[in-house]
Amino acid sequence: MSSSSFPNPVRVLRRGERDEEIIKALKNEGFDINACMQCGTCTASCLSGRWTALTVRKVMRKAALGDSSVLESSDIWMCTTCYNCYDRCPRDLKVTDAIIVLRNLASARGFIHKNHRKVVQILAKTGHAVPINDKIQQVRKELGLPKIPPTLAKYPEERELLAKTLFQLAPEEGDEQ
Amino acid sequence: MTETQRYSFFLGCVMPNRFPNLEKSIRVVLPKLGIELEDLKGASCCPAPGVIRSFSEPTWLALASRNLALAEKAGLDIVTGCNGCYGTFKEALHVVHEHPQRLKEVQHILGDIGLNYEAKTDAKHIIEIIFEIGPEKIKELVVRPLTGLKIAVHYGCHLLKPSVLRPWKKTQRPTFLDELVEATGATSIRYKDKFLCCGAGGGVRGSNVPVSIDIAREKLDNAINAQADAILNVCSFCHLQYETAQVQINKEIGEMKYRLPVIYYTQLLGLALGLEPDELGLNKHLISVDSVLNKVLG
Numbered sequence: 011m012s013s014s015s016f017p018n019p020v021r022v023l024r025r026g027e028r029d030e031e032i033i034k035a036l037k038n039e040g041f042d043i044n045a046c047m048q049c050g051t052c053t054a055s056c057l058s059g060r061w062t063a064l065t066v067r068k069v070m071r072k073a074a075l076g077d078s079s080v081l082e083s084s085d086i087w088m089c090t091t092c093y094n095c096y097d098r099c100p101r102d103l104k105v106t107d108a109i110i111v112l113r114n115l116a117s118a119r120g121f122i123h124k125n126h127r128k129v130v131q132i133l134a135k136t137g138h139a140v141p142i143n144d145k146i147q148q149v150r151k152e153l154g155l156p157k158i159p160p161t162l163a164k165y166p167e168e169r170e171l172l173a174k175t176l177f178q179l180a181p182e183e184g185d186e187q
Numbered sequence: 003m004t005e006t007q008r009y010s011f012f013l014g015c016v017m018p019n020r021f022p023n024l025e026k027s028i029r030v031v032l033p034k035l036g037i038e039l040e041d042l043k044g045a046s047c048c049p050a051p052g053v054i055r056s057f058s059e060p061t062w063l064a065l066a067s068r069n070l071a072l073a074e075k076a077g078l079d080i081v082t083g084c085n086g087c088y089g090t091f092k093e094a095l096h097v098v099h100e101h102p103q104r105l106k107e108v109q110h111i112l113g114d115i116g117l118n119y120e121a122k123t124d125a126k127h128i129i130e131i132i133f134e135i136g137p138e139k140i141k142e143l144v145v146r147p148l149t150g151l152k153i154a155v156h157y158g159c160h161l162l163k164p165s166v167l168r169p170w171k172k173t174q175r176p177t178f179l180d181e182l183v184e185a186t187g188a189t190s191i192r193y194k195d196k197f198l199c200c201g202a203g204g205g206v207r208g209s210n211v212p213v214s215i216d217i218a219r220e221k222l223d224n225a226i227n228a229q230a231d232a233i234l235n236v237c238s239f240c241h242l243q244y245e246t247a248q249v250q251i252n253k254e255i256g257e258m259k260y261r262l263p264v265i266y267y268t269q270l271l272g273l274a275l276g277l278e279p280d281e282l283g284l285n286k287h288l289i290s291v292d293s294v295l296n297k298v299l300g
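Note that the protein sequences, when read in sequence, are chains U and A.
Residue numbering for the first sequence follows the numbering used here, beginning at 11 and increasing consecutively.
Residue numbering for the second sequence follows the numbering used here, beginning at 3 and increasing consecutively.
These are computed hints drawn from the structure, not numbers from a lab.
C-beta: ideal position from N, C-alpha, C; glycine also.
One thing to keep in mind: the hints can contain errors.
[Unchecked claim] Chain U regions said to be covered by chain A (calculated; three or more residues, Cβ under 8 Å): (1) 51-65; (2) 72-83; (3) 94-100; (4) 108-117; (5) 133-145.
[As the list claims (entries may be wrong)] For lysine-lysine, the following DSBU-like pairs were computed, each having C-alpha atoms within a straight-line distance of at most 35 Å: (6) U:K135 <-> A:K139; (7) A:K106 <-> A:K139; (8) U:K157 <-> A:K172.
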């Protein structure tokens, strides 16, 4: 039967066209992509799917086929990581974690939203994704709390050490999406 | 009261740096329950399970392990009042417990900054330690019952899921937080999509504000339609989402349509324990909580 019988034929990738890195990364995380039977429980449980074009079942299918377009699409970034799909998957696949794996690959290839990159840069600089500011220092004082919380905000020399040593992927690498 | 418990208090980012009023309420209420908090000095971002774990999982694991290692050094379990931080610590501990190789990698990285790490410390949510004390005990401590107050309880996702890595009874419909709310004398009301996410997590609030706000708006509408006096949360990020979403929507539509008070659990409990609103930071909300206070204080 020719694929034209179907309105939306699955694009089957030939050997060599497959992005083996996707398949390998998921396998390394203990995610058996072939165990997915495409039942769609993930899509049906998906909060973001009510608002956006994210269809988790399709993301899983593309990933299983090694279709690299899954990394380039913004769909994987629409997940709020609510873990409904992970909790409900009848095959006990860690679906949300798989999305995180795909996001890691996408980020390493430079597919990351500029706002997200900004958050990473702020974290590298201040030790916090949401750093303290003057206004909140004043609020803290009015509440009877120390103006600067006892976090890294108080220990600048530790902050530098952390950015230098603990960042396994530098915040400024790659192109912006 | 039972013997005093002691924990390393992990603040995170949003709580100390955006909503210190929640931090204040935890700091005044927990000692009343016999829980002592020791500051986790020099702690960083947890780091955020949505953005940072998505950007570079190894970086996320290294930073999370550093925070856990600081608590380990203090000889205490870590406690947090943010679901996101709770998720990060629970998952980061799971990764190194399941994969000894990952623990070795982390130990090597932390060794470079002079930290020892055995992954022996536990991570808890403040609601977990309050629930261990139990609703019955809380009832005994209440001096100002919040009778008649209708509360829309919002659990938040990472407090509950992934459920295999959480201590709660395995169910799609938990009740522990409702029980704790009702222990104060308030009523936990039924409302549509109670277990729906606030819409902030996973980096969605950072990259797709319209979608994120629209999800929050639906939750708020559901709570308002069920005649809630307030929406209650136990997560600084959910709290940020519900407060800032209302401010933003009001600005967009040009009227003060959304004014549903957003209350953190220790603020509610503090009122029931007889503490003053200002002590609980209830005077520092973006959306006024006066309607709740009028009902409670008369």
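Here is how each hint holds up against the structure:
1. With 4 residues having a Cβ less than 8 Å from any Cβ of chain A, the segment 51-65 of chain U passes the three-residue criterion, so the hint holds.
2. Taking a C-beta to C-beta cut-off of 8 Å, the segment 72-83 of chain U contributes 0 residues in contact with chain A, too few for the three needed, and the coverage statement is violated.
3. Only when three residues or more bring their CB closer than 8 Å to a CB of chain A does the claim for the segment 94-100 of chain U stand; here the count is 3, and the claim holds.
4. Using a Cβ-Cβ cut-off of 8 Å, 5 residues of the segment 108-117 of chain U lie near chain A, which meets the minimum of three, so the contact claim holds.
5. With 8 residues having a beta carbon nearer than 8 Å to a beta carbon of chain A, the segment 133-145 of chain U meets the requirement of three or more and the stated coverage holds.
6. Our distance criterion of 35 Å between C-alpha atoms is broken by U:K135 and A:K139, whose separation comes to about 44 Å.
7. Of the pairs offered as hints, the one joining A:K106 and A:K139 is violated, with about 43 Å between alpha carbons and a cut-off of 35 Å exceeded.
8. As the CA atoms of U:K157 and A:K172 are separated by approximately 41 Å, the hinted pair breaks the 35 Å bound.
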